[in-house]
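Using the hints, position chain B against chain A.
These protein sequence lines are chains A and B, in that order.
So for the first sequence, the UniProt record's numbering puts the first residue at 1; every next one is plus one.
So for the second sequence, the UniProt record's numbering puts the first residue at 1; every next one is plus one.
Careful: at least some of the hints might be erroneous.
Derived lysine-lysine pairs resembling DSSO-like cross-links, with alpha carbons at most 30 angstroms apart [unchecked claim]:
{"hint": "1", "chain 1": "A", "residue 1": "Lys85", "chain 2": "B", "residue 2": "Lys16"}
{"hint": "2", "chain 1": "A", "residue 1": "Lys67", "chain 2": "B", "residue 2": "Lys121"}
{"hint": "3", "chain 1": "A", "residue 1": "Lys85", "chain 2": "B", "residue 2": "Lys20"}
Between beta-carbon pairs, the in silico distance windows are [said to hold, decoys possible]:
{"hint": "4", "chain 1": "B", "residue 1": "Arg53", "chain 2": "A", "residue 2": "Pro124", "range": "24 to 32 angstroms"}
{"hint": "5", "chain 1": "A", "residue 1": "Ala14", "chain 2": "B", "residue 2": "Arg53", "range": "36 to 44 angstroms"}
{"hint": "6", "chain 1": "B", "residue 1": "Gly76", "chain 2": "A", "residue 2": "Val121", "range": "24 to 32 angstroms"}
{"hint": "7", "chain 1": "B", "residue 1": "Glu115", "chain 2": "A", "residue 2": "Asp114", "range": "39 to 47 angstroms"}
{"hint": "8", "chain 1": "A", "residue 1": "Glu179", "chain 2": "B", "residue 2": "Ser130", "range": "24 to 32 angstroms"}
Away from chain A, derived, C-beta distances all over 12 angstroms, residues of chain B [stated by the list, open to error]:
{"hint": "9", "residue": "Ser105"}
{"hint": "10", "residue": "Glu113"}
{"hint": "11", "residue": "Glu115"}
{"hint": "12", "residue": "Pro132"}
{"hint": "13", "residue": "Ser137"}
{"hint": "14", "residue": "Val160"}
{"hint": "15", "residue": "His164"}
{"hint": "16", "residue": "Ala183"}
{"hint": "17", "residue": "Arg188"}
Hints are computed from structural coordinates only; laboratory data are not their basis.
These figures come from a predicted structure and were not determined experimentally.
Quick reminder that beta carbons are idealized off the backbone N, C-alpha and C, glycines included.
Listed here are the chains, written in short residue letters.
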Amino acid sequence: MAPAVPRSGDAIFANVERVNAELFTLTYGAIVRQLLTDLEEVEEVNKQLDQMGYNIGIRLIDEFLAKSNVTRCVNFRETAEVIAKVGFKMFLGVTASVTNWDQEGTCCSLILEDNPLVDFVELPDTCQGLYYCNILSGVVRGALEMVSMKTEITWIRDMLRGDDAFELQVKLLKQVPEEYPYKDDE
Amino acid sequence: MIGVGKIKQYTNVLDKPLSKGRQEVSLSGFAYLFSELVQYNQTQVDNIGDLERRLEDAGYAVGVRVLELLCHREKGNRRETRLLGILSFVHSTVWKVLFGKVADSLEKGTEHEDEYMISEKELLVNRFISVPKDMGSFNCGAFVAGIVRGVLDNAGFPAVVTAHFVPVDGQQRPRTTILIKFAEEVLRREARLG
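With the rest of the complex left out, here is chain B:
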């Protein structure tokens, strides 16, 4: 049974030097791993909403760690306090490190003040995934939405983040949009900061 215990120090992992982040693995290796993640979660849930939630939770854990790692390595431990600052951090730095390129676009929602959208023509995680018709609008990009939520939450910008497919004229595969809806307090704080 897993209970509570203290961490044993063999070779203290915190003493190891931080890698520069240049090591790579093959895309197919990651794709296999991600497909196993999705397949395992499919066995644990009965409906699509729960499946998306579990993928998001998995992504959340990744996002938390990515934020800490990147803040230390890329930004010299400086904290973003402004909305646009954290959004451009996610859109450029996080995307560049995780997926090798900056996100395709960052837009502000027209209907609501608190909505922002990061779009990507083809999410890396969705590259080898095909969704059967009976799963409706299920999007494995929920994992990436979780990553973004993890980063934003722990940077002090709580938000609800979801992933959606947006069909594009002339393209066979739809584009994926990560929709970020910030909490009330974030907007109030942003207004106060002027």
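One chain only, chain A, in its complex shape:
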């Protein structure tokens, strides 16, 4: 059987079922609002958003691998490119770009110019510590953890705080070798 050719993000996005981005944006806004009302501390909300993103990420990776037919990434550079070009496109309909590689190739930045999560959103003075899109950092972290990469993700730039784009720094902490679930001598 010939190996499946990895499909581009645009092709996959054209083939999946889509919904109006505004429903998505408004639902996300409702979630953040509920969290702010319940938890009241901005730091707690950030953590909860990250946790929700993590829960999504560990399930999202299965769908991503199934639909995109990507081959195993050789190094972290390739991983980051795949996330930015195929992953984001497939689920959010926008592509990100990858920049700011460090010398070892373990740390990079994903830049998002266009972000459907933040349409119509403005952060009030009282919530200045809020990382509104923190769910994205959880999603990337969860997805990468399921493919044996432990990462640390931080926001460098945030358009809601006055910057000109969204910049997410992805730092590879370590590659966790896959554990073989059965003992060899059994």
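Just chain B now, with coordinates in the frame of chain A:
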């Protein structure tokens, strides 16, 4: 602590041009997000009634914003004043924008004058949701009921809106009906307008 403050103007979000509403995200992305919403609310409540109420409240916030957005974009800022007008706005325009199609049907209740029903074979939000038997008649369509309530309330037609499963012969999954019960004042006003 979150207190009271004034809005800081970085790039004023109100100055940005309004998008045409054609941008799309994947259905699975929305489904994951909705499932997290439901899961989070499950941790915050003890019973199904409260869970439905919280989902409805979340939907209410969406409905308020959808009404403003659509009134401006689709209808050129004209306000609906008649009952049938607002119902067909919800059934066609709101449904088309949010879910990509008009609702399956709009019916008037036979038993009560103030009841109307919007039915849908399979609500978009319920597509990937399965309700365990011990949750009885819980319906995640409460979120959509909240959206409808938000739209109606802010258009000046206060109503109680709920979502119900209605089993259909020959179909494995039941159909969902959004039941709208208008407040007294709406019917009186409608009668006055003739």
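Each hint tested on the structure:
For the given pair, lysine 85 of chain A sits about 27 angstroms from lysine 16 of chain B by alpha-carbon distance, which is consistent with the 30 angstroms threshold. With a C-alpha separation of about 27 angstroms, the suggested pair lysine 67 of chain A and lysine 121 of chain B falls inside the 30 angstroms cut-off, and the hint holds. About 24 angstroms separates the Cα atoms of lysine 85 of chain A and lysine 20 of chain B, which keeps this hinted pair within 30 angstroms; it holds. One distance hint, 24 to 32 angstroms for the beta-carbon pair arginine 53 of chain B and proline 124 of chain A, holds here, with the actual separation near 26 angstroms.
The given range of 36 to 44 angstroms is respected by alanine 14 of chain A and arginine 53 of chain B, whose C-beta atoms sit roughly 39 angstroms from each other. Look at glycine 76 of chain B against valine 121 of chain A: about 25 angstroms separates their beta carbons, and that is inside 24 to 32 angstroms. Between glutamate 115 of chain B and aspartate 114 of chain A the beta carbon distance is about 43 angstroms. The supplied range of 39 to 47 angstroms therefore holds. A C-beta distance of roughly 31 angstroms is found between glutamate 179 of chain A and serine 130 of chain B, which places it inside the suggested range of 24 to 32 angstroms.
Every C-beta of chain A lies more than 12 angstroms from that of serine 105 of chain B, the closest at about 21 angstroms, which supports listing it as non-interface. The Cβ of glutamate 113 of chain B lies farther than 12 angstroms from every Cβ of chain A, with a closest approach of about 32 angstroms, so its non-interface assignment holds. The beta carbon of glutamate 115 of chain B sits about 26 angstroms from the closest Cβ of chain A, which is more than 12 angstroms, so the claim that it is off the interface holds. No Cβ of chain A comes within 12 angstroms of the Cβ of proline 132 of chain B; the nearest lies about 18 angstroms off, and the non-interface call holds.
Every CB of chain A is more than 12 angstroms from the CB of serine 137 of chain B (nearest about 23 angstroms), matching its label as outside the interface. At roughly 20 angstroms from the closest C-beta of chain A, the C-beta of valine 160 of chain B stays outside 12 angstroms, upholding its exclusion from the interface. With 12 angstroms as the threshold on Cβ separation, the claim that histidine 164 of chain B sits away from chain A holds: the shortest Cβ distance comes to roughly 22 angstroms. Against chain A, the non-interface label of alanine 183 of chain B holds: every CB pair exceeds 12 angstroms, the least being about 24 angstroms.
The claim that arginine 188 of chain B is not at the interface with chain A holds, since no C-beta of that chain comes within 12 angstroms of its own (minimum 32 angstroms).
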